[in-house]
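J.: Hints given; two lone chains; assemble the complex.
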Amino acid sequence: DAMVIQNPRYQVTQFGKPVTLSCSQTLNHNVMYWYQQKSSQAPKLLFHYYDKDFNNEADTPDNFQSRRPNTSFCFLDIRSPGLGDAAMYLCATSSLAYNEQFFGPGTRLTVL
Amino acid sequence: AQSVTQLDSQVPVFEEAPVELRCNYSSSVSVYLFWYVQYPNQGLQLLLKYLSGSTLVKGINGFEAEFNKSQTSFHLRKPSVHISDTAEYFCAVSAIQGAQKLVFGQGTRLTINP
Numbered sequence: 001d002a003m004v005i006q007n008p009r010y011q012v013t014q015f016g017k018p019v020t021l022s023c024s025q026t027l028n029h030n031v032m033y034w035y036q037q038k039s040s041q042a043p044k045l046l047f048h049y050y051d052k053d054f055n056n057e058a059d060t061p062d063n064f065q066s067r068r069p070n071t072s073f074c075f076l077d078i079r080s081p082g083l084g085d086a087a088m089y090l091c092a093t094s095s096l097a098y099n100e101q102f103f104g105p106g107t108r109l110t111v112l
Numbered sequence: 001a002q003s004v005t006q007l008d009s010q011v012p013v014f015e016e017a018p019v020e021l022r023c024n025y026s027s028s029v030s031v032y033l034f035w036y037v038q039y040p041n042q043g044l045q046l047l048l049k050y051l052s053g054s055t056l057v058k059g060i061n062g063f064e065a066e067f068n069k070s071q072t073s074f075h076l077r078k079p080s081v082h083i084s085d086t087a088e089y090f091c092a093v094s095a096i097q098g099a100q101k102l103v104f105g106q107g108t109r110l111t112i113n114p
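Those protein sequence lines, which keep their order, are chains A and B.
Number 78 in the working numbering belongs to position 78 of the first sequence; there are no gaps in the numbering.
Number 30 in the working numbering belongs to position 30 of the second sequence; there are no gaps in the numbering.
Looking at chain B on its own, in the form it has when it is part of the complex (with noise of 0.2 Å):
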């Protein structure tokens, strides 16, 4: 089974200032991972994911992040927010056999203040 945890349930943070989302994770297999963003009363929106290769994942809207195999870490970064990437960001894992059941995290809301 896989488990998801998300450090910070709010991060407020000002505009154009750097922003980290604090991700780790707990599999007893191998796993993909992704980190999704939801807008009020909105489906999830993929910003990036991590199968394999590169620890460095560039993903939409400027956001990146960095897969840390010994630490179990997925964190989510960005060098400058804007007032449109206040929203939900929800850190997921999935097993990389069998159907591709998501497992999230609790979410983190990001607000933007000018």
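The following block holds chain A by itself, in its conformation from the complex (with noise of 0.2 Å):
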């Protein structure tokens, strides 16, 4: 079945100690799209790609990067990453043709 898998499901990570998040599809979408999601809270969208083209949100912290070597592979790159960035990170793609996002079941980050 064509799919958004994201790896791994559970993360733990040390307070500063630099952790990649990883999205793969299936679904040969040109758009790929990062959310996050704190506990009890709608996931808010850190940055997309349109094929090649990165667009980040004017709100998005610095401390959060992307990279997405080609069209099935997209990663998410916490550089020192604080109490603050627990949370579920999930990972969407989407093509103009379908008019909606397909999601992930997310990587759930804790941070200690």
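The set of hints was computed from the structure by calculation and includes no laboratory data.
Be careful, since some hints might not be right.
Stated by the list, open to error - If you want the footprint, here are the derived chain B segments under chain A, 3+ residues with CB under 8 Å:
no. : segment
1   : 33-43
2   : 46-52
3   : 101-110
From the three backbone atoms N, C-alpha and C, an ideal C-beta is built for every residue, glycine too.
T.: Next comes the structure, spelled out in structure tokens:
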């Protein structure tokens, strides 16, 4: 089945230790998104890629970076995680032809 | 810019009773409207979407929603709920033009009691 895959599902890191979250898709969609969802809150868009074009939201902290080496993969890098970065991170994809986003299962990040 | 308001943060309902989850939005441009469901420790699953055409939209799991342009609302309904419908429900909008960035409401926690 075509899908959006996120690895790992659960990630524990230490305060200040860089961490990378992974997203892959078999849908061949040209747009990929990263959302941050803190406990009991709505998902908040961090950035998105339209093909290789990177688009940062204005209020996304500099601590968050992203890479998209090819159509299928997209990575979220947190350079120096703080306690406030503990959250569920959701990856989504879309194709302009479908007018909807397809979400992965998320990675829950814990910062100790 | 767009904004979404979900009027109820929590809705408790008895099993087999009807339910309505309310959503209002604000936008200076035309938008698409969506309802997503999120089960614990899971991603978001699309329930239904309104793009154009008939204002009554039917989705998965017996849910439906009605788009009301004059009231800028997109309320979600189900005539008879099940225990398995217990989840968080998010209303969202995206501008028709551009990169389809979703703006979400704060969510409504639907709890089904036996």
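J.: Which numbered hints are broken by the structure, listed smallest first?
T.: No hint contradicted; all consistent.
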